[in-house]
Amino acid sequence: MTLISFTVRSAAAIIAALLATGCATKDYVVFATKTSLSILDADTAPPGVSIAYARTEGVAGPTFQYGHVPSVMAHISSDSAVFAPKIKQAYATGDAARLLVGEKEDPCVPKAGQPLETFPMFFATHTVVGLKIGFSNLATPSPIPSSFVFGFQRKEASAIHLSHVAKEHLGEGCLPNNGAEHVFYPPVLALINLRAAAGGTPKDSALENCQFFATGDAARRIASKGFAALDCNELSEKAFDGAVRPDTQDVHAKKIKFVDCVRKIKDKTELDSIARKMRLTPSEDSSEGTRRRVISRIDRLNPLELDELPKIDELKSCP
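So the sequence shown is numbered by the working numbering: it starts at 297 and just counts up by one.
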């Protein structure tokens, strides 16, 4: 408990310091949410229920030329079941926020080998859940809960530095979002699915919880399903229950084969089709711009993302 309390206090101190110095409005984006949900005194004798809900959301950061702002997304939903409440909550920044709402990830990438300065970042969540269920008479054939008390509190916060890349150091076909430069906002994602249920007996009652906490490419991968189809429990089963990681040599060979194929393609329409299948925006200027974006994306794919590659035998230029 001491470590958790220290972490939350540290988050508050860091965010307050950034806001006070003005960093959050120039080089950093500070994004925070706080949620409290309580179901109190849900009793059957006499019947009654009290529900309390409080939610705070805030973001502090710069605005760019042409009206662009860093992408953030916060969501919470809960059903109306008093004795079996469900909560789904998501928090995302950058490409993760765009992908969750059905948009494509940022098509701009720095040129290969371009050195970029590194900066510290902060990203944390804090969750407290409590459940108390009372049974008045377990001796009856069909006992029912006589009281139900549920409390949920969650805090999410990040302070992330923006990366400014001059137009001449960007890949071909990129339209900068801030005049002569493009500003990159790294992706992070936090997800929680929670269900509390009062069953007919203490044994049948449950408190189920599933959480994800991810940054960078891992956040993009999780967010790529889109929020409507994002199920924490399903993701957990696929990721950790018997998932087989392909052999590294096989992965490397598959990437090389696909890159060789992409380099042979001269038809811009075919290259644009491959780019869209990989959730990339084709270059409007030339086929070379699209080719570079596809090859850059292939290099960044991890072994569990290889299913994103179109099948080579389906491509016209690579029989």
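These are calculated hints, taken from the structure and not from any lab test.
Backbone N, C-alpha and C define an ideal beta-carbon position, used for all residues, glycine too.
There could be a bad hint or two in this list.
To be verified - Derived pair list, reagent style DSS-like, types lysine-lysine, alpha-carbon separation capped at 30 Å: (1) 400 - 521; (2) 451 - 428; (3) 463 - 382; (4) 407 - 521; (5) 551 - 407; (6) 382 - 322; (7) 330 - 521; (8) 407 - 564; (9) 521 - 551; (10) 384 - 407; (11) 463 - 322; (12) 521 - 451; (13) 551 - 400; (14) 550 - 573; (15) 560 - 407; (16) 562 - 463; (17) 463 - 428; (18) 551 - 564; (19) 550 - 562; (20) 384 - 428; (21) 551 - 382; (22) 382 - 330; (23) 550 - 521; (24) 573 - 407; (25) 400 - 562; (26) 407 - 330.
Claimed, not checked - Ranges between beta-carbon positions, derived for each pair: (27) 336 - 574: 43 to 51 Å; (28) 460 - 428: 19 to 27 Å; (29) 580 - 334: 49 to 57 Å.
Consistency of the hints with the structure:
| no. | hint | in the structure |
| --- | --- | --- |
| 1 | 400 - 521 | 11 Å, holds |
| 2 | 451 - 428 | 22 Å, holds |
| 3 | 463 - 382 | 46 Å, violated |
| 4 | 407 - 521 | 28 Å, holds |
| 5 | 551 - 407 | 20 Å, holds |
| 6 | 382 - 322 | 38 Å, violated |
| 7 | 330 - 521 | 25 Å, holds |
| 8 | 407 - 564 | 21 Å, holds |
| 9 | 521 - 551 | 23 Å, holds |
| 10 | 384 - 407 | 38 Å, violated |
| 11 | 463 - 322 | 19 Å, holds |
| 12 | 521 - 451 | 24 Å, holds |
| 13 | 551 - 400 | 22 Å, holds |
| 14 | 550 - 573 | 17 Å, holds |
| 15 | 560 - 407 | 21 Å, holds |
| 16 | 562 - 463 | 27 Å, holds |
| 17 | 463 - 428 | 58 Å, violated |
| 18 | 551 - 564 | 21 Å, holds |
| 19 | 550 - 562 | 21 Å, holds |
| 20 | 384 - 428 | 20 Å, holds |
| 21 | 551 - 382 | 42 Å, violated |
| 22 | 382 - 330 | 18 Å, holds |
| 23 | 550 - 521 | 24 Å, holds |
| 24 | 573 - 407 | 22 Å, holds |
| 25 | 400 - 562 | 25 Å, holds |
| 26 | 407 - 330 | 39 Å, violated |
| 27 | 336 - 574: 43 to 51 Å | 49 Å, holds |
| 28 | 460 - 428: 19 to 27 Å | 51 Å, violated |
| 29 | 580 - 334: 49 to 57 Å | 52 Å, holds |
In this structure, the earlier hints numbered 3, 6, 10, 17, 21, 26, 28 are contradicted, and the remaining ones agree with it.
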